[in-house]
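Number of protein chains: 2
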Amino acid sequence: MSSLDGLSINLATVREQFTLAQAVDACVREGIRAVSPWRDQVAAAGLKEAAAMVRANGLRVTGLCRGGMFPAADAAGRAAAIDDNKRAIDEACALGADCLVLVVGGLAQGSKDIMAARQMVTDGVGAILDYARTNRMPLAIEPLHPMYAADRACINTMEQALDVCDELGDGLGVAVDVYHVWWDPKLAQQIARAGAAGRILAHHVCDWLVPTRDLLLDRGMMGDGVIDLRRIRRMIEVAGYNGPQEVEIFSAENWWKRPGDEVIATCIARYRSECVL
Amino acid sequence: MSSLDGLSINLATVREQFTLAQAVDACVREGIRAVSPWRDQVAAAGLKEAAAMVRANGLRVTGLCRGGMFPAADAAGRAAAIDDNKRAIDEACALGADCLVLVVGGLAQGSKDIMAARQMVTDGVGAILDYARTNRMPLAIEPLHPMYAADRACINTMEQALDVCDELGDGLGVAVDVYHVWWDPKLAQQIARAGAAGRILAHHVCDWLVPTRDLLLDRGMMGDGVIDLRRIRRMIEVAGYNGPQEVEIFSAENWWKRPGDEVIATCIARYRSECVL
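Residue numbers (my numbering), protein chains in the order written: chain A, 3 to 279; chain B, 3 to 279.
One should not assume that every hint holds.
Where chains are identical, the list cannot tell them apart; a pair therefore holds if satisfied intra-copy or between any two copies.
Result set (DSS-like, lysine-lysine): computed pairs, CA atoms no more than 30 Å apart in a straight line [to be verified]:
hint, residue 1, residue 2
1, 88, 259
2, 88, 114
3, 50, 114
4, 114, 259
5, 259, 188
6, 50, 188
7, 88, 50
8, 114, 188
To be clear, the hints were calculated from the coordinates, so they are not data collected in a lab.
Using the sequences plus the hints, can you model the full thing?
Structure, rendered in structure tokens:
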């Protein structure tokens, strides 16, 4: 059996079954060495308690999900987002996370101006970047699938995310989630670009189901869909990133309804059969 | 009231309510001067009868939907697709259509190789292009939203479609459907590129709803969603395309359940309030 050092479990994958403590215990029991929690899970457990938990178990934290959500209809809303992102940086530091993942936000409330939203994102990331650098917490922009452009993230391709990184400079990179980018005709080119600039900060995996029954909550387990996971992993390793593959599955009607231990065991089995090179 | 010369109705918009003859009658009654039928609607009416119908009413046919679907698991399947596309060209000619719209197809059955699918598309379009040129029927590649990459079309951005056009040459262009491309950070750039090359062959409109409840059948009426329709129309006109805006709405739970006359009247009202520059 291959080692599990290359696997991380994003704890959203078992969010309906487990508290943070239960999820950590279940992962450790199965030999998993890395996790990625969400802020609401950490808040529910308590930040100090969560940090103690990962330290006591010697877990790597491949990312904290999530900062971002910068666009807002008014200046007060945008300022509040910046404050909240600084708190997220503090939390990521307390957890010793590899990076803070940014889901940047969609259109401002009531707006149809996606170019304005994109400018608000660039401005927002720019406004927290010095704070992140001072705290040595890398920020990982996660380009989200274009079907989320309106309501979750107006950064929708690797190319676009990397253009923002180039504009803003150091301390910034991308989280490459196969679900969001597998379709991109420029994927190979942009993964190479990201790797050359040292900007690949995370690699998330799951699968694209055919048919997909819900835009948000119908992601598939690796191997159940159509994404060529090994082809993308190969691109990422060739580009110089060898960090864990982090399984992140939102699945209201399937995986969130199964016992958490079964889900984690399946993640391990599928990581071995579908993801490892 | 502005003229309706700039409006076309894609007859999928009333496919659940009307036969082709009923749809044409309803459009003509409302003063509409252009339509775009689907092949199954034409087949049900009979090709000669359909052609006579549009001629008798002096209607412009802004496109025939649709050719494409080139990828297949074996050579026989790919050859069958090419034959079917040649028949579609014949039908488009019989109807005097402005173009044949190509929804190019997704992954071949059982395959995860999107690059192979894309090559099959380029090969397939290449294989029908001389026939289309001889018959003076422009082929309009329609880049589809990335959420359809697996099962409907593996050409997912304007840039990618235009790269195929550049590779294959004359007689080929794009159908710009706002639903598929509104999110694209390179939209303005690529519309300008398409216009400069004389490759904009059609402009389809509807709207992106928030939330979107179904990947295929929950498109919105213009004005009910978040797409900045006038901004995109402006780009298209500046790029040199002044043809009709064609309303194409797949809406199983809303517009397909309303009386067809109401739907067409609403298309006209929203065209005037949301689309005309």
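Hint check:
no. : hint      : result
1   : 88 x 259  : neither (34 Å within a copy, 48 Å between copies)
2   : 88 x 114  : within (28 Å within a copy, 40 Å between copies)
3   : 50 x 114  : neither (41 Å within a copy, 44 Å between copies)
4   : 114 x 259 : between (36 Å within a copy, 27 Å between copies)
5   : 259 x 188 : neither (36 Å within a copy, 40 Å between copies)
6   : 50 x 188  : neither (42 Å within a copy, 44 Å between copies)
7   : 88 x 50   : within (17 Å within a copy, 67 Å between copies)
8   : 114 x 188 : both (27 Å within a copy, 17 Å between copies)
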